[in-house]
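**Q** Given chain A, put chain B in place with the hints provided.
As they're listed, the protein sequences go chains A and B.
So the first sequence is residues 1 to 604, counted in our numbering.
So the second sequence is residues 1 to 359, counted in our numbering.
Treat the hints with care, as some may be off.
[Claimed, not checked] Each computed EDC-like pair below joins lysine to aspartate or glutamate, with the alpha-carbon atoms no more than 16 Å apart:
#1 B:118 with A:589
#2 B:184 with B:209
#3 B:114 with A:589
#4 B:274 with B:25
#5 B:173 with B:195
#6 A:509 with B:64
#7 A:509 with B:282
#8 B:265 with B:80
#9 B:118 with A:586
#10 B:181 with B:207
#11 A:509 with B:278
#12 A:544 with B:33
#13 B:181 with B:209
#14 B:69 with A:511
#15 B:118 with A:572
#16 A:515 with A:75
#17 A:598 with A:586
#18 A:541 with A:552
#19 B:226 with B:77
#20 A:541 with B:25
#21 A:544 with B:25
Read the hints as simulated data drawn from the structure, not as lab findings.
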Amino acid sequence: MSNDSTIHVHEGAVEHGVHHDGDGHHHHKQSFVSKYIFSQDHKTIAKQFLITGMAWAIVGAMFSIIFRLQIGYPDQTFPFLETFLGKWAKGGKIDPEFYYAAVTMHGTIMVFFVLTAGLSGTFANLLIPLQIGARDMASPFLNMLSYWFFFLASIIMVSSLFLSTGAHSGGWTTYPPLSALHEASSGSKRGVDFWLVSMAMFIVSQLMGGLNYVSTILNMRTKGMSMTRLPLTIWALFFTAVLGILSFPVLLSAAILLLFDRNLGTSFYLSDIYVAGQILPNEGGSPILYQHLFWFLGHPEVYIVILPTMGMVSEIMSINSRKPIFGYMAMVGSLFAICILALLVWAHHMFVSGMNPFLGGVFVLLTLLIAIPSAIKVFNWLTTIWRGNIRFTPAMLFCIGFVSIFISGGLTGIWMGNSTIDIHIHDTYFIIAHFHLVMGVAAFLGMFAGIYHWFPKMFGRYLNNTLGYIHFWVTLTGAYLIFWPMHYMGLAGVPRRYLDFSLWTSFNKFDSLNKMISIVTIIVFFVNLMFVFNFFYSIFKGRKVRTTNPWDATTLEWTTPINPGHGNWVGEIPEVHRWAYDYGKDGRDFIAQTEPVKPGETGH
Amino acid sequence: MSTIWILVAFILGFIIVFQIAKASEYVAILRGEDKTRKESNRINAFLLLVFLVVGLFGVFYCNEQLKGKILPESASDHGDKIDTMIWITLGITFFVFLITQILLFWFAYKYQEKEGQKAYYFPHNNKLEVIWTVIPAITLTVLVGFGLYYWFQITGEAPKDAQLVEVTGSQFKWEFRYPGKDGKLGRKYFKEISETKQNPLGQIWSDPDNHDDVVGSQEMHIVVGKPVKLIINAKDVIHDVGLPHFRMKMDAVPGMPTTMWFTPKFTTRQMKEKYGEDFNYEISCDQLCGKGHYSMRGVVIVESPAEFKIWLAKQTPQYVTANSAPAPESPAGGTPAKPAGGAAKDSTTGSSNAIKTRN
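Same shape as in the complex, but just chain A (with noise of 0.2 Å):
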């Protein structure tokens, strides 16, 4: 951190003087406190949304450890269970009540905690300032309270583990009468309580950041910084933004709706209930309710954690194709088609729900009608490479393998998404294959190329490349491993969230194959659990980056000091005079956003 001392004294400056940089030498020293805990840098903030996001992810990865043992081995017992989880997995069996906690767990975690707040927390945070050039968020203080309610979100989640009766074992989805009635199920006691509250914060905390980061990209971009000239990271994420604005307050009430239910005898989502030998008075709810509220935002959910990968990996592909990326304009306008579109499709989950077939009919059209702007951005990024000059550093090769994925996972959409075919296929392990490939493994990807590729500005440090090489092979490797003979159990008919098979004759043929499937998941999360390690290690050790611009890329963020410090430009704000993606023009390698256009310089 050699650059430090020099930035700490225009700190003070950069601060108070956003207005007016480079004068005055007030200095003034930042605690401890104020400079990692609440912080109001949002370079920092970032950071913290990073790490906690990798925090949960290793939660969120054990979990599946847990349940794909018990798939994979249903015969055997793990007396190390028991040594962990106590009642829970008695006698290293694991109780099925637990399971689904597990599975139910896994993937609120990774929804929310890791792939939502993660990943977004981290990008928006760490980049609308420094490629838009500004000095920080439109409100760093809601941008630090941003953090901390997400914090507060992850302290209720983690201590509905500990609940005795267990955390909410229901699905992420929480249908409810599942999750409205104590009686249903040992997981719907407290834990669904914890898990509604949990969310709560969790929203309010997305709604915060989200806020500010749109006001932030339309406000405060530098001089010259039209929409236009924007890097599409942030297209990305200011389309992210925007859905989980519109969509997040849904979700909030219908947690609300059902916290009344469970808690005040309301009836919104129940009717006609007979429980546990328990005749309920609840009369005129309705479940389906429930279940279009929660996809209001579950569906837009979906995008809210790929777009912004999307955006990485256009910017991270466009730089080391030393390339522009083709077609900018198709890919803005792609990101939008998907964001509106994002919003009309909900229901395509609830084909199957007794949801009239008219109104499926009409949902089977729109949502068939993404693959166009996904289809769009897939040729695209092909045609960026093509003719390229293509540098494999690990986030290049990460977004290879988002692609790939994510072209893998996305064709299967036509199929989920074309409800004759999804009669069949819908709740079996096809759904599962689907969308872990195309917004799981792609978003985490995605994710791994942004830290890869932007490491050295967090840190001033690179993370080791041979470590990283090791990771992308294996994960992407055990990706299709795991994920890709799913489509033919889902095909089998075999339906997920099943711990055990041997009660069933059709679903009973898997048993070497998840097997293998268990295997491969272990040897995935060791090896991410070493990249944890690497980027932990990097921090204090990892090579220096000796130059501010690394990657030799176009945009802002490359023109700050090596480790900048809160305000990011030691002096003014650079001035914008073209778009992000001059890349091998004229006969240059890149041509920096801030330099001027030269007459008689080609447009693009």
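**A** For chain B alone, kept in the frame of chain A given last:
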């Protein structure tokens, strides 16, 4: 014990890999960072090509291994339509999969960084972009067209002569109700449900349609070649009637009866002859319903009309079972006091009424 050894192996492996990775950085500095970078570039480009070839072989191998394990031919007419739709979609998506994956990895390999190679400045091309907007649009129109054509046939009104079976899911079992000679299912109300009074489905005994209805559990009997319409209910939480061999599926929602119909093509015996004695048409619950979800199994018996008739004749209507048992109170009026609106509700929640409103 083996767990510990596995863990030790992982840790040792990790330490070795880490030491190599650390050393490789020093070697890189010794040999010149640029030279090392170019070498790893070549290696990774080559590995991408290897990944493509091995991956495509893997796809083929996986198919060889697993194609025999997916379900046998569809056992219902709706299932045939769904299978056709799957084949059409598979054809199109697999073609696109091959083209795009091959291009992706081939381009990555071919255009790896080389001495003297210049990237081609190619920011956009409207013609190309129009082409790959229009072609997917047309393809998807075709898929949506086929999809909706089949979807509305499958979810459309069941034929008038369809056999009626009511399916009720509850934690963690299936119950079935068949109409007797009158061909009608009697009304029911959830507050009438009582295990002790032998009324598991909440039938209203004052409705004469109920008097010949037969109730059974875990096994559903239907007739081959005859359309069957299922009226699906749930008592406690959401379940789902999954019939993988018929390619059918529908949620069971408390308070909201749903329907589904199809025509079974083969009897259970025919299927056993073809696929072995182990074969069973199974009913799986496909919507998470609690800790016993994975064990919520039912069986469908498809039989000839004559067999079905004999089977049905052997069954005792639930009305008889419930009322031959010592009943201290008159069945219809014997339920505990309920809110004033309860009686009025009877007429609106009965499943026969709901049949009219669904679809």
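**Q** Give a verdict on every hint.
**A** Cross-check of the supplied hints:
no., hint, verdict
1, B:118 with A:589, "8 Å, holds"
2, B:184 with B:209, "6 Å, holds"
3, B:114 with A:589, "14 Å, holds"
4, B:274 with B:25, "63 Å, violated"
5, B:173 with B:195, "14 Å, holds"
6, A:509 with B:64, "15 Å, holds"
7, A:509 with B:282, "15 Å, holds"
8, B:265 with B:80, "10 Å, holds"
9, B:118 with A:586, "11 Å, holds"
10, B:181 with B:207, "15 Å, holds"
11, A:509 with B:278, "12 Å, holds"
12, A:544 with B:33, "13 Å, holds"
13, B:181 with B:209, "10 Å, holds"
14, B:69 with A:511, "11 Å, holds"
15, B:118 with A:572, "35 Å, violated"
16, A:515 with A:75, "12 Å, holds"
17, A:598 with A:586, "11 Å, holds"
18, A:541 with A:552, "23 Å, violated"
19, B:226 with B:77, "11 Å, holds"
20, A:541 with B:25, "12 Å, holds"
21, A:544 with B:25, "12 Å, holds"
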